[in-house]
Structures are given as structure tokens and as C-alpha cells.
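A.B. asks: Sequence:
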Amino acid sequence: MGSSGAGKATIVTVRFLDDEIMEGRVGTLSLNQPNIELDMPDEASNNERALIPLPSIKRITLKAGPPTAEEQARAQRKVAIRFQDGEVLKGYLDGDLQHASHGLTMRLMNVDKDRIETLGIPYTALKALFYLKSWDTRPPEFDGKEDRHLSKRLSSPLVDLISDMGQLEKLRKRGAITESEFQRKRRKILDTI
0 MGSSGAGKAT IVTVRFLDDE IMEGRVGTLS LNQPNIELDM PDEASNNERA
50 LIPLPSIKRI TLKAGPPTAE EQARAQRKVA IRFQDGEVLK GYLDGDLQHA
100 SHGLTMRLMN VDKDRIETLG IPYTALKALF YLKSWDTRPP EFDGKEDRHL
150 SKRLSSPLVD LISDMGQLEK LRKRGAITES EFQRKRRKIL DTI
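To convert, note that position 118 of the sequence shown is 117 in numbering that gives the first Met the number 0; the numbers rise steadily by one, no gaps.
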């Protein structure tokens, strides 16, 4: 993944294996190291910094936003990233995979071609990356989007569930999660309520 810039802190979104999401700044980010150090500028939190081992991370979003017309035009290579927990992330690979000793970095455009992200994925979270001929046409119950960890965490009181809804909305507004991911997690919370 290399350095995120000489002396310039970069805001990243860390998604853990248990589906917790944390946002913070990193000065240097490398998947050649076994952990990352995250500064958390959130004044509402008691945490100021976290040392996070890569095996606890599912993926790191380094950059996200709408793709350029050129990026949309060259979106050809279909991939499906299958994580250890069963989640499948599909999209178009932009450029080559960047391999490091503890993970890989890639630019991935979503299937709708309206969002592109630079992702860091530790090898410990990755089951396989598949290059696809076409998008899967199996029924939705086989799409691998079952949130095993979220269902475990949602055994808390109603107040926690409502708080989770608020957190999801904030993440969606900031662009940390996609609209489809927001809807899926929101539906899961509403089903629990």
C-alpha cells in the first residue's frame, strides 16, 4: 500500500471482521507492516489513537468517490472478492493489484459504475479474489451477503438498535458505506426490531 503521502495525514475507514467501522487518520499506511496506527480526531470519543493489528481488519477504504468518465470507460475486468466471513464484494478492478507482505491494495469500481474506492485488504480477511466472465445470476439467497457477525451483535436492547440506525445513516452520508450496503444493514436492524 505504501505511504499515503509524505507528512500528510489521510483519513481512512477501517472495517473490522466483526463489522465494526472506525474512521481516523493515518500518517503512513503500509500492508508490509503487521498493524496500522490510527489517530482518531473525534472529540466525542475518549480514544485518541489505536494500534490495530491487520488480522482484525476486513478492509480499509483509503479513498472513495465518484469515478471519472475515463475510469468508467475502462471498467472491464469484473471481480468478486470473497471474504472469510462469507461477504462478497463485486465490482470492476481498475488497474493492477498491489501486493504487500500482509495484504493487497486495489482500486475497485462498484457494479453500477457510480463509485470507485481504493481498498486495502489484509490476506487474513480474504478468502479469494475471483475474475469473472459475467455477473452471477443466482437467486439473492446465494449472494453471500449474510451478515453473520451483525446478527450476533444485534442481541442488545432496542436503544442500541436505534443508535445503530443513526450510525449507519452517518456512514452513508459520509460515503463510508454504499447505498446497497446501507439498505442491507438497515433491513437487518429493522428485522431484529
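Don't read these hints as lab results, they were simulated from the structure.
Backbone N, C-alpha and C fix where the C-beta goes; we use that ideal spot for every residue, glycine too.
Some hints could be false.
Stated by the list, open to error - Simulated restraints on C-beta separations:
{"hint": "1", "residue 1": "9", "residue 2": "122", "range": "17 to 23 Å"}
{"hint": "2", "residue 1": "64", "residue 2": "40", "range": "17 to 23 Å"}
{"hint": "3", "residue 1": "75", "residue 2": "40", "range": "15 to 21 Å"}
{"hint": "4", "residue 1": "36", "residue 2": "72", "range": "35 to 41 Å"}
{"hint": "5", "residue 1": "73", "residue 2": "164", "range": "33 to 39 Å"}
{"hint": "6", "residue 1": "45", "residue 2": "72", "range": "45 to 51 Å"}
{"hint": "7", "residue 1": "132", "residue 2": "190", "range": "18 to 24 Å"}
{"hint": "8", "residue 1": "81", "residue 2": "36", "range": "14 to 20 Å"}
{"hint": "9", "residue 1": "166", "residue 2": "55", "range": "26 to 32 Å"}
As the list claims (entries may be wrong) - Cross-link-like lysine to aspartate or glutamate pairs, in silico, EDC-like; alpha carbons within 16 Å at most:
{"hint": "10", "residue 1": "77", "residue 2": "113"}
{"hint": "11", "residue 1": "77", "residue 2": "111"}
{"hint": "12", "residue 1": "187", "residue 2": "168"}
{"hint": "13", "residue 1": "89", "residue 2": "180"}
{"hint": "14", "residue 1": "112", "residue 2": "84"}
{"hint": "15", "residue 1": "126", "residue 2": "111"}
{"hint": "16", "residue 1": "169", "residue 2": "180"}
{"hint": "17", "residue 1": "187", "residue 2": "18"}
A.B. asks: Compare the structure with each hint and give your call.
C.D. replies: To see whether the hints hold, each was checked on the structure:
1. 9 / 122: 17 to 23 Å: With Cβ atoms ~22 Å apart, the hint holds.
2. 64 / 40: 17 to 23 Å: Cβ of residue 64 to Cβ of residue 40: about 20 Å, so the range 17 to 23 Å holds.
3. 75 / 40: 15 to 21 Å: At 38 Å between Cβs, range violated.
4. 36 / 72: 35 to 41 Å: holds (38 Å)
5. 73 / 164: 33 to 39 Å: holds (38 Å)
6. 45 / 72: 45 to 51 Å: holds (47 Å)
7. 132 / 190: 18 to 24 Å: violated (34 Å)
8. 81 / 36: 14 to 20 Å: violated (29 Å)
9. 166 / 55: 26 to 32 Å: violated (19 Å)
10. 77 / 113: The hint holds at about 15 Å.
11. 77 / 111: Roughly 12 Å separates the two Cα atoms, so the pair holds.
12. 187 / 168: holds (14 Å)
13. 89 / 180: The given pair, whose Cα atoms are some 12 Å apart, holds under the 16 Å limit.
14. 112 / 84: violated (25 Å)
15. 126 / 111: violated (24 Å)
16. 169 / 180: Holds - the C-alpha atoms of residue 180 and residue 169 are around 13 Å apart, at most 16 Å.
17. 187 / 18: holds (13 Å)
When the structure is compared with the earlier hints, violations turn up for hints 3, 7, 8, 9, 14, 15 and for no others.
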